[in-house]
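Visitor: Letter by letter, the chains look like this.
Protein chains: 2
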Amino acid sequence: MSASDSKHISFTKLPESEAVWTKLVKCTYLDPTGTQRTWESAERTTRPKDCDIDGVGIVAILERESGPEIMLQKQYRPPVERVCIEIPAGLIDAGETAEQAAVRELREETGYVGTVKDVSPIMFNDPGFCNTNLRTVHMTVDMSLPENQNPKPQLEEEEFIEVFFVPLNTLFAECKRLEAEGYAIDARIGTLAEGIEVAKAFKLS
Amino acid sequence: MSASDSKHISFTKLPESEAVWTKLVKCTYLDPTGTQRTWESAERTTRPKDCDIDGVGIVAILERESGPEIMLQKQYRPPVERVCIEIPAGLIDAGETAEQAAVRELREETGYVGTVKDVSPIMFNDPGFCNTNLRTVHMTVDMSLPENQNPKPQLEEEEFIEVFFVPLNTLFAECKRLEAEGYAIDARIGTLAEGIEVAKAFKLS
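In order, the protein sequence lines correspond to chains A and B.
Under full-length UniProt numbering, think of the first position of the first sequence as 1, with each following residue one higher.
Under full-length UniProt numbering, think of the first position of the second sequence as 1, with each following residue one higher.
Hints may contain errors.
Stated by the list, open to error - In silico DSBU-like links for lysine-lysine, alpha-carbon gap of 35 Å or less:
#1 B:Lys-176 to A:Lys-23
#2 A:Lys-176 to B:Lys-200
#3 A:Lys-13 to B:Lys-203
#4 B:Lys-23 to A:Lys-7
#5 A:Lys-200 to B:Lys-13
#6 A:Lys-203 to B:Lys-200
#7 B:Lys-200 to A:Lys-74
#8 B:Lys-7 to A:Lys-200
#9 B:Lys-152 to A:Lys-49
Claimed, not checked - Some but not every residue of chain B turned toward chain A, in silico, with C-beta under 8 Å:
#10 Asp-52
#11 Leu-168
#12 Val-198
The set of hints was computed from the structure by calculation and includes no laboratory data.
Think of the CB as a built atom: it goes at the ideal place given N, C-alpha and C, for glycine as much as any other residue.
Please model the complete structure; the sequences and the hints are all you need to start from.
Guide: Okay, structure coming up:
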């Protein structure tokens, strides 16, 4: 039984009356000339009150003797009808910081215990279309810790997540290879891989 | 008159009957145990038939003597109520390739003429929430070309876009500085900057 055993059945129109997790919003604004305009936006309904983000993405790095590796996941994503290659991620709970959400989500989804190293600015996933956003939390995973010897995820009944590791240095090639195998690539991991390639191509240091 | 002169007025519920550019969709699928489940998804209504992407993002690099610089934009984004820092981007037209859309959009939005170097896998912006996606097209901009001496964008009446350049090597620090000034950071540029920092931190080459 793996994430790849999921199967798409159908897409149908979601009536407004049935929408629980998502909603459509009309934005009214003045453009720079003072003209009033409107814009359509999609939103999650789950962002906690007084919180400025929907969730966190987690760049979890293992430092192995052969070089650094990043923790990735395979998870079936109904909106894209396919198993998606992603970094660990999750929605934030009320009262949590991004760091706390990241430590909790990594533990729940993968079983691994990580240490927070850095937190990104708030990043908007598709700001011409929706307001969904996240902070990326950068963590290291110390594989010598006793709690990381036999990590056990605590998944919800409807979650099926497979964890795997990829060397950072070959991440972009691996994204291309996984896409060719039929996986969908999440923008966070694909764009991180592009950033690594750009740094290498222009010898940034 | 600049992008920052835009002003948020209100968010209201968008009735299903008024939605033109966006829609909510109910996904029905079988999970790996064979249990039938549903999921909510948001979609753009603009993806051309038989096209596998909504649009393109453009990583346009200028090679200056002082080092490579990336072309960025400031644009007011109603869904996030703020001016957003983004790479040039746009929706794809029917019958276009990602490369053709990128050349056209760069010309329209910024006036610059670029040369395509590489195209990314399809990347999904937020695959637990929506199906929106893009390919990143990597381009170089030759500043010695006559057509790049006095570039003139061809903007739509409702578009107000400001173009600027940032050294690739300080992109992450610049994202943090711009966020502190009140700008919203698009995930594509923020995550590309994170990838550059990761490559530098782990001395990938």
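Visitor: Hint by hint, where does the structure go against what was stated? Just the numbers, ascending.
Guide: 3, 5, 8, 9, 10
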